[in-house]
Structure formats: C-alpha cells, structure tokens
Amino acid sequence: MIIAGVVRDGTTSRGSAAHPRGYPPRGHGRRDPVQYGPAVASEGGVGAVLRRWALVAAGIALAVPAGCGRSSLANSAGRFEPAHAGALTVATAFLPAAGFWEGEAPDPSGGFERDLAHALADRFDVGSVVVVPVAFGDLVGGDLGGADLALSELTPTDERDEVLDFSTPYLVAPPGVLARPGIEAVDVADLQPLRWVAVAASTLTDVVDDRVRPDDDPLVVDTRTEALQALDDGRADVMLLDLPVALAQAKAAPDRYRVLAQLSGPEGLAAALPDGSDNLQAVDSAIRAFLADGTIERLSKRWLGADLGSAADDVPLIRTEE
Amino acid sequence: MLALHMPEGAAFTFLVLFVVVLAGPAIMTRARIPGIIGLLIGGWAIGPHGLGLIGNGNQTVPQLGQLGLLYLMFVAGLELDLGVLSVYRRSAVAFSLITFTLPFVGGLVVGEILGFPTAAAVLLGSLLASHTLITYPMIRDAGLSGNPAVATAVGATVLTDTISLVVLAGVSGTQTGSGSTGSIFLQLAVGLAVLVGFSLVVLPRVAVWIYKRLGADRSVRFLVAMISFLAAATLAEVFSIEGIVGAFFAGLALNRLVPNEGQTMHRIDFFGSTVFVPIFLVSTGLLLDPSVMFRLETMKFAGLFLVACVGGKTIATVLSRTVIKVSWHESGLMFVLTTPQAAATLAATTVGFEIGLFSTTVVNAVLVLILVSIVMSTALTPPFVRGVEVPAAAEPELGERVVLAVHAAEPSRTATQIAARLARRDGGVVDTVLVRHSGEGRVDRGPVDALSDLATREGFDGEVHVAIDRSSAQAVVRAANDLGASLVVVDGDLDGDDGPLGATHWDETLASTIPVPLVLVSSGGDGIRRVLLPRADPDQVEPAAAFVQALAQFLARGDVAELDDGPDWAAGLRPGDVVVMAVASVDLVVGLPTPPPGAAVVAVPASTVAHWHPHPDVAES
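These protein sequence lines are chains R and X, in that order. Under the working numbering, read the first sequence as residues 1 to 322, first letter to last. Under the working numbering, read the second sequence as residues 323 to 943, first letter to last.
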C-alpha cells in the first residue's frame with residue numbers, strides 16, 4: 001500500500017519479482033481449501049463464530065442510529081465557558097455594518113455576524129447573546145472589552161495573531177473591488193486608469209499599490225466611511241474592501257455601489273478570542289461544523305447575497321501579479 | 323538599495339512542501355522510525371504551530387491534502403487483494419468482525435467515559451477499529467505472505483476498512499444533513515446503493531470502453547483512474563456521503579482492471595507516493611500542536627484511545643484462535659498487522675475535525691495514538707516473524723505474468739486472446755516479447771511501437787521487450803526466465819522450419835529449461851470461437867492431460883467440443899476453431915497438421931507442465 005511505501009526506507013518496493021507491492025500479489029491465494037487453506041477448528045465452529053459476531057455487529061449497527069443526533073459536544077469538540085454566565089458576549093467595532101450587524105447594541109436585529117453569534121450561543125447552550133461595541137483599534141490590539149469573542153469582519157494577520165487567537169475563517173475574504181455605478185473593468189489594465197481611494201490603516205492599501213498599481217496615486221482617507229463618501233461624491237471610482245464587506249455594501253445600496261470583481265487572496269474573516277483563551281477549540285469546532293452543515297452558506301446567501309463559505313465562485317476574478 | 327520581498331505565494335508554498343516530503347521520511351528512516359512520522363512532524367515544523375511557513379490562512383495545502391486523502395483511499399481499494407479475501411473468506415470475515423467489533427466497542431466505552439456525544443463516540447469507535455497494513459512489507463519480505471494467519475488478516479482489512487468508512491458516512495451524514503434521522507439514513511442507504519452500483523457496474527465498463535478507444539497513450543489509463551475516483555467521490559458527496567467512501571469503492575471497482583504488476587499501477591503508485599499522499603500527511607501534520615499535544619487532557623485522551631485500540635485488537639487476535647488454528651506467534655503476526663493506525667484513522671479523524679465533532683485536542687490525541695501504534699507494531703514484528711516457519715513458496719497463478727513471444731508486429735488473435743484472458747482472470751499482466759535471433763540484424767523500432775499499441779488496445783498493461791539470442795527459442799527461454807514468467811505463449815508456426823518461432827527451433831532440452839508451462843500457438847488463428855479437445859488418451863501423461871483439459875475448459879468457458887480424431891481432423895476446422903492438445907515431446911509438435919486459415923492449434927509439451935498442480939479454478943468460466 002502506498003502508506004506502507006511511505007513507511008519504508010524509500011527504496012523501491014521489490015521483495016521478490018512476484019511480490020513487488022505491499023500486499024500479497026493478487027491471485028496468489030490458493031483456492032483449494034483442502035490443500036492450502038487455514039485449518040479451521042471445525043466447519044460448524046467457523047459458522048458459529050461468524051453468526052455470533054455478526055449478531056453483535058448488527059446489534060451495534062442498529063443501536064447507532066438511535067443515538068446519532070445532535071447533542072452536547074462539550075467534551076469531544078471543546079468546552080466553552082462564557083465570561084458572563086448565561087450569555088455569549090460578543091464584541092464588534094462596526095455597529096451598524098451593512099449585512100453584518102444591523103440595528104444597535106446590545107441586541108442588534110440582524111446581519112451575518114449577528115446570526116452567527118446566535119448560532120454559536122445555541123451550540124454552546126448559553127441562552128442569549130450580548131453585543132458590546134469596542135473600538136477597532138482596541139480589538140486588533142487584543143482588548144475585547146471583556147467579551148468572549150469578537151465578530152467584527154476581522155482578517156487574521158501575523159501582527160494580530162500575537163495578541164489574539166483566531167478561529168478557522170468562516171468566510172473567504174479576498175480583496176473585492178467596489179465601484180460606483182457605470183464603472184466597468186475586466187482586467188488589471190482596466191483597473192489602472194480608474195481613480196482609487198484607500199483607507200490608511202487597511203491592509204488592502206498595499207494590495208492597491210503592489211498588485212493593481214494605478215496610474216495615479218490613490219486618494220487616502222482615514223476611515224471606511226470616508227472612503228465610501230468619496231465614491232458617493234464622485235471623487236473616486238473604486239476601492240478595495242474585503243469581498244464579504246463589499247458584497248454587503250452593494251446589497252444594502254445597489255444604486256450606489258456594485259462589486260466589479262475580486263482579486264485572488266487567501267484571506268478570510270475569522271472570530272477573534274483573547275490570546276490564550278480556553279474557548280478557542282470550542283469556537284473553532286463550531287465554525288467548522290457550521291461550514292460543514294450549511295449554516296454559513298445559508299447565512300452568507302441571506303445577508304451577503306453569495307455563498308462565501310469556501311469560495312466566491314459567483315464573483316468574477318481579475319488576475320494580478322502576486 | 324535592493325527591494326527584496328519576503329518569500330510567499332504558490333512557489334514558496336510548494337517549495338516548502340516538497341522539501342518536507344523529501345527530507346521528512348529520509349531523516350526519520352535514518353533513525354529507524356517509519357517515514358510517515360517524518361511527514362507528520364515535517365507538517366508540524368512548517369505549519370502555524372511550528373515555523374509558520376504555512377500560515378493559518380493558507381487554503382492551498384489543506385485543499386491539496388483533501389485530494390491526497392481521496393487518492394490514498396482510492397489506492398487502498400485498488401491494492402487490496404480481493405483474491406485473498408475470496409480464498410480465506412470465512413476466516414477473514416469472522417476475524418474482521420471480531421477485530422472491528424472489539425475496538426469499536428472500546429471506543430464507544432471510552433467516548434462514554436470522556437463524555438462525548440454519541441456521534442463522536444461512534445466515530446471514535448470506528449476509527450479505532452480500522453487499521454492499515456503498515457507492517458505487511460516486513461512480513462512479506464520474511465517470506466510469510468502466504469501464511470494463512472497473515473492472509474486472513476490481510477483479507478479482513480477489506481471488510482474492516484469498508485465497515486469503518488460506512489460508519490463514517492453515517493455519522494457525517496447525521497451531523498451535516500438536514501431533516502429527520504430516518505430521512506438522513508434513508509438518503510445514506512440510497513446513496514450507498516447508488517455508489518456501489520456506479521462503482522462496481524458502471525465504472526469498470528466505462529473504463530474498459532475508454533481503454534479500448536483512447537488507450538493508445540498510457541497517460542490516458544492513468545487519467546481514467548484519476549477521473550474514476552474523483553467521479554465516485556463527487557457522486558458520494560451528492561448524497562452527503564464523504565468523498566473518501568466513493569474513492570475507496572472506486573478503487574475496489576477497478577481492482578481487477580489495474581494489475582499490481584502493471585504500468586498503470588506503477589504510475590498511480592508513483593504519483594501517490596511522491597505527491598498526493600505525502601502532501602495529505604504533511605497537511606495533517608499542520609494540525610500537530612505541541613502546546614495541545616503535551617497537555618494533560620490530550621495525554622489522557624491518547625492513553626484511553628490506546629487502551630481501547632490496542633486492548634481491543636489484542637483480545638481480537640487472541641479470540642481469533644477460536645476461528646483459525648494458529649500458533650501464538652501467528653496470532654502475534656495478526657496483531658501487528660491489524661493494530662497500526664494510519665490511513666483510515668487519519669481519514670476519519672480529519673472528517674470528524676472538519677465537521678466540528680472533534681477538537682484539536684482529540685486530533686492531537688489521535689496523532690499520538692498513530693505514532694505509538696506504528697512504532698509499537700514495527701518493533702514487535704521481528705520477534706513474531708522469527709517464531710513462524712516460512713512456508714514453501716506458493717506457486718504463482720498461471721496468469722500472473724504471461725509472456726507472449728512473437729516475431730511479428732501483428733501476432734495472431736488467438737495467441738493474443740489466450741494471453742489476455744489468462745492474465746485478466748488472475749489479475750496479472752502480459753509482457754510481450756519481440757523475439758529475434760542474432761543473425762537477423764538490428765531490430766527496427768516499428769514493430770516494437772506497433773506491439774505497444776496492441777498491448778494497450780488489448781489491456782495487457784505490461785511492457786514490450788526485445789529478446790535476441792542465438793536462436794529464437796533460446797531468446798524466448800531467456801526472456802521468460804528474466805521476466806519471471808508464470809506462463810509462456812508462443813505465437814508461431816508449428817509445422818515447418820521456415821517460421822522464426824516454428825516448432826523445429828525447439829528441442830526437449832531447451833523446452834525443459836522453462837520452469838513454467840509453454841503454450842505453442844500456431845499462427846493465423848482468428849480468435850477463439852470454438853474450443854476442441856481430442857478424445858482422452860489413456861496413454862497421455864499427467865499432469866499434461868489435466869492441464870490441457872483445464873485450459874480448454876477455461877478458454878471455452880466450459881463449453882468444449884470433442885475433436886473428430888480421424889486422420890484429416892485438421893481439414894474440418896473452421897475459422898475461430900482452436901484445438902488444444904498435449905504432446906508427449908516437443909518433437910511431436912513438428913508433425914502436427916497445419917490448420918486452415920483462421921483456425922489454430924495449441925500444443926503444450928508435456929515436459930513443460932511436469933510440475934504444474936491441478937488447479938480447480940482454472941476450469942472456472
């Protein structure tokens with residue numbers, strides 16, 4: 001077997017000319033049980049053993065469906081201990097944020113991350129969700145304001161990883177190109193003459209400079225709100241946002257924005273927990289379960305208009321040098 | 323100033339990966355530790371818990387790892403010896419039930435102790451119950467592959483791993499599917515039925531059809547194998563069954579079409595062991611987290627998993643002595659064969675992790691289990707091997723490696739079909755040998771290429787060789803011995819001395835140097851439509867008489883006609899008729915009449931089957 005081939009010392013698997021593989025060569029089993037078969041205790045003995053063990057196996061197989069429902073997963077998938085008993089406390093920097101958090105703290109009315117928080121609370125059986133606004137700078141600096149975790153359109157980076165623990169990403173988040181109505185582009189050559197706006201502290205600013213390389217220097221602003229304002233005013237044509245955020249903006253205001261395309265990238269949005277949190281495994285397992293059972297897909301389509309659980313197949317890709 | 327960039331991107335990712343694939347096993351095997359450990363540790367080293375060369379956000383390596391996992395399970399099904407299972411089926415089935423049930427129950431109990439939900443406990447039980455034949459190469463190399471205890475354990479692997487994968491499909495389906503438990507299981511049952519039907523009925527037929535239409539290029543055969551397992555995996559996922567179940571069934575389905583000795587299997591093995599499977603193991607190693615692995619909780623989990631697995635397997639091998647009579651050392655061989663946890667365990671653990679049933683703690687505990695089970699079994703194998711007597715070498719099946727000796731680029735259809743049918747029945751290969759004697763000068767490439775095309779069209783999956791010697795017959799003998807033939811089919815003229823492979827080139831002494839049966843086929847035969855056998859001759863020497871009887875029965879699929887043995891029997895033959903006869907000596911072959919065009923005479927010199935044992939299944943149709 002290949003796995004056995006990997007185990008061996010790397011020399012070609014040649015025992016004898018007739019047995020080069022990790023299994024007995026096919027057809028080498030003698031078919032005459034009288035001459036070459038195993039000596040059985042008795043014909044009745046084998047049959048009796050077979051029947052006995054078949055009954056045991058069948059019994060187990062029948063018992064399995066009875067218990068295979070969803071129930072507490074604390075010990076196999078990690079334990080979750082909330083910071084505040086009876087509630088899952090979630091920090092976020094953007095409230096409201098179209099498509100992600102709609103309404104107001106402490107009980108937003110909708111949004112992808114809002115619904116994700118409630119799904120987590122259900123899985124951990126903690127009753128309710130309390131949302132705590134925390135400044136973005138504090139979040140990425142490791143201060144969650146006492147919350148169990150943060151759901152705030154966060155992309156894991158090496159710097160942030162030093163002060164936070166991140167779960168498995170729940171949404172893919174390559175760079176998305178958000179544009180004013182009437183702007184078209186199908187490749188990098190189309191993107192370069194456009195007027196770009198970038199947010200100073202955003203990691204996507206480097207992507208604009210290094211991979212798009214616009215003909216003119218981008219307009220640089222301090223916040224995402226100012227960047228969107230620049231698009232509304234006509235001072236800029238396009239900007240880069242994480243694709244899920246771009247899609248949410250376009251869905252919320254289709255007459256003002258549209259998503260032209262995405263650029264390739266391995267980034268994703270993930271839940272952030274305090275560095276060294278004991279709850280990481282539980283949150284991680286929960287996210288993976290939601291990806292597997294379609295919860296993420298359902299929420300993504302509802303709030304963002306596309307399935308961004310594993311790949312953004314519905315959005316055109318513009319290839320750039322990486 | 324130089325504007326240097328930190329290495330990143332696809333090129334860097336693959337560079338790091340392949341360096342680990344190369345160096346990991348090499349370093350470990352120097353320390354006498356199985357290479358698989360090197361890949362797992364290498365994955366840790368480059369992963370987010372090690373040097374961070376492959377970060378948390380990297381999607382490429384995990385996705386390639388997924389492909390590698392599918393490939394691994396495909397090859398697991400492809401390489402399993404269904405023939406062994408059929409020979410030792412009663413003991414293998416009995417042992418498989420025991421060696422599955424006990425660790426499975428152990429896993430359920432451990433899951434209960436640890437407070438796992440039922441689904442997680444069931445999945446844990448099934449992964450502890452599976453096993454990988456890590457130690458088989460050591461046992462095979464000691465000459466014990468034919469030992470009944472060994473063969474029973476190998477045969478049991480088919481069933482044990484299949485049951486584990488079906489349980490995995492059930493658990494995964496209940497965790498990721500929507501709807502009631504009953505509807506989920508109904509969907510799973512339908513899905514498994516469709517998958518089995520697709521794999522066992524549709525896939526082999528489509529593969530054979532494609533081989534015949536497009537198979538001139540051997541790359542096509544490899545691609546068909548790839549498409550097969552990916553198609554089966556995709557179909558499985560349509561029914562919410564894990565793709566690895568489909569890939570495994572696809573391997574079982576193509577088992578007979580891809581001989582272990584053939585070129586296609588070599589290509590599949592090459593790509594698997596070089597690229598796909600190691601990448602899967604490295605991607606699994608990315609999950610290794612020493613900060614989690616050496617925690618008390620992880621060690622507690624690992625300890626309990628080990629008790630359930632090793633304890634269950636130990637009791638199973640002890641109880642197996644009630645099923646088959648084996649010595650304690652042979653029981654030990656069964657233990658070291660069925661205890662190592664690797665491929666199927668990793669597959670189930672990966673799935674459990676991905677659907678959120680298992681945490682990183684459980685995964686790391688399973689990795690500890692894998693490491694310990696492999697090292698322990700590897701260390702225990704030599705003493706058990708020493709305690710078992712090496713049996714006499716088993717006689718190969720007739721069709722294991724058929725050498726078809728020809729002189730022309732287009733051998734007769736009769737000779738081709740005889741070789742192909744025997745090889746296909748025994749899951750073997752046909753090596754075509756273009757024979758020349760040294761006086762014929764340089765060998766033109768044309769006939770070799772034409773024979774390659776023929777081999778591909780007929781599905782031989784063997785190689786084409788050129789053999790040159792002082793005489794054609796001597797070239798045949800040398801080629802047969804060099805290639806380790808199980809049977810030699812010679813396509814040539816039996817009567818005259820003008821044919822390069824004519825019977826006059828043979829003499830008794832030369833023929834007796836071939837240790838396997840020699841089947842001389844007259845040229846010009848147009849296939850096999852009717853098989854005739856001369857009336858039984860009481861003076862005929864056994865086992866030659868039995869051999870030709872069995873060969874005729876096989877070629878005729880049980881419907882053998884009796885040859886009219888009057889003086890002009892040859893004149894009455896029609897195109898497609900094949901007369902099979904034993905001859906007491908090679909000299910007598912020269913006196914055989916020339917059959918009319920399209921018919922053929924198959925002569926078997928008695929001296930070449932002197933050591934052949936009657937084989938009941940040769941007569942199977």
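For the record, the hints were derived by calculation from the structure and aren't laboratory data. None of these values were measured; they are calculated from a predicted model. Check the hints yourself; a few may be wrong.
[Said to hold, decoys possible] Cβ-Cβ distance ranges computed for the label pairs, FRET-style:
1) R/319 with X/327: 15 to 23 angstroms
2) R/319 with X/806: 24 to 32 angstroms
3) X/340 with R/182: 29 to 37 angstroms
4) R/219 with X/340: 26 to 34 angstroms
5) R/319 with X/341: 26 to 34 angstroms
6) R/255 with X/341: 50 to 58 angstroms
7) X/709 with R/275: 24 to 32 angstroms
8) R/294 with X/650: 50 to 58 angstroms
9) X/340 with R/314: 48 to 56 angstroms
10) R/118 with X/381: 24 to 32 angstroms
11) R/314 with X/505: 28 to 36 angstroms
12) R/294 with X/382: 37 to 45 angstroms
Where is the CB? At the ideal position from N, CA and C, for every residue including glycine.
Q: Could you see if the CB distance from residue 118 of chain R to residue 381 of chain X stays within 24 to 32 angstroms?
A: Taking Cβ atoms as reference, residue 118 of chain R and residue 381 of chain X lie about 27 angstroms apart, which means the hint holds.
Q | Pairwise beta carbon distance, residue 294 of chain R to residue 650 of chain X, judged against the given window 50 to 58 angstroms | A | holds, 52 angstroms
Q | Whether the CB-CB distance between residue 319 of chain R and residue 806 of chain X falls inside 24 to 32 angstroms | A | Cβ of residue 319 of chain R to Cβ of residue 806 of chain X: about 53 angstroms, so the range 24 to 32 angstroms is violated.
Q) Taking the beta carbons of residue 294 of chain R and residue 382 of chain X, is their distance inside 37 to 45 angstroms? A) At roughly 24 angstroms between Cβ atoms, residue 382 of chain X and residue 294 of chain R fall outside 37 to 45 angstroms, so the hint is violated.
Q) Is it true that the C-beta distance of residue 340 of chain X to residue 314 of chain R lies inside 48 to 56 angstroms, as the hint says? A) The hint (48 to 56 angstroms, Cβ to Cβ) is violated, given that residue 340 of chain X and residue 314 of chain R are roughly 34 angstroms apart.
Q: Note whether the CB distance of residue 219 of chain R and residue 340 of chain X lies within 26 to 34 angstroms or breaks it.
A: violated, 44 angstroms
Q. Has the hinted range 15 to 23 angstroms been met by the Cβ atoms of residue 319 of chain R and residue 327 of chain X?
A. holds, 19 angstroms
Q.
The hint says 24 to 32 angstroms between residue 709 of chain X and residue 275 of chain R; measuring C-beta to C-beta, is that right?
A. Violated - the Cβ-Cβ distance for residue 709 of chain X and residue 275 of chain R, about 55 angstroms, lies outside 24 to 32 angstroms.
Q: Mind checking the hinted window 28 to 36 angstroms against the Cβ distance between residue 314 of chain R and residue 505 of chain X?
A: Given a distance of about 30 angstroms, which is inside 28 to 36 angstroms, the answer is holds.
**Q.** Verdict for residue 340 of chain X, residue 182 of chain R (Cβ pair) under range 29 to 37 angstroms
**A.** Between residue 340 of chain X and residue 182 of chain R, where Cβ atoms are some 47 angstroms apart, the hint is violated.
Q) So the hint says 50 to 58 angstroms: do the beta-carbon atoms of residue 255 of chain R and residue 341 of chain X match that? A) Holds, since residue 255 of chain R and residue 341 of chain X (Cβ atoms, about 52 angstroms apart) stay within the stated range.
Q: Take the C-beta atom of residue 319 of chain R and the C-beta atom of residue 341 of chain X, compute their distance, and say whether it sits inside 26 to 34 angstroms.
A: holds, 27 angstroms
Consistency note: the structure conflicts with the earlier hints numbered 2, 3, 4, 7, 9, 12.
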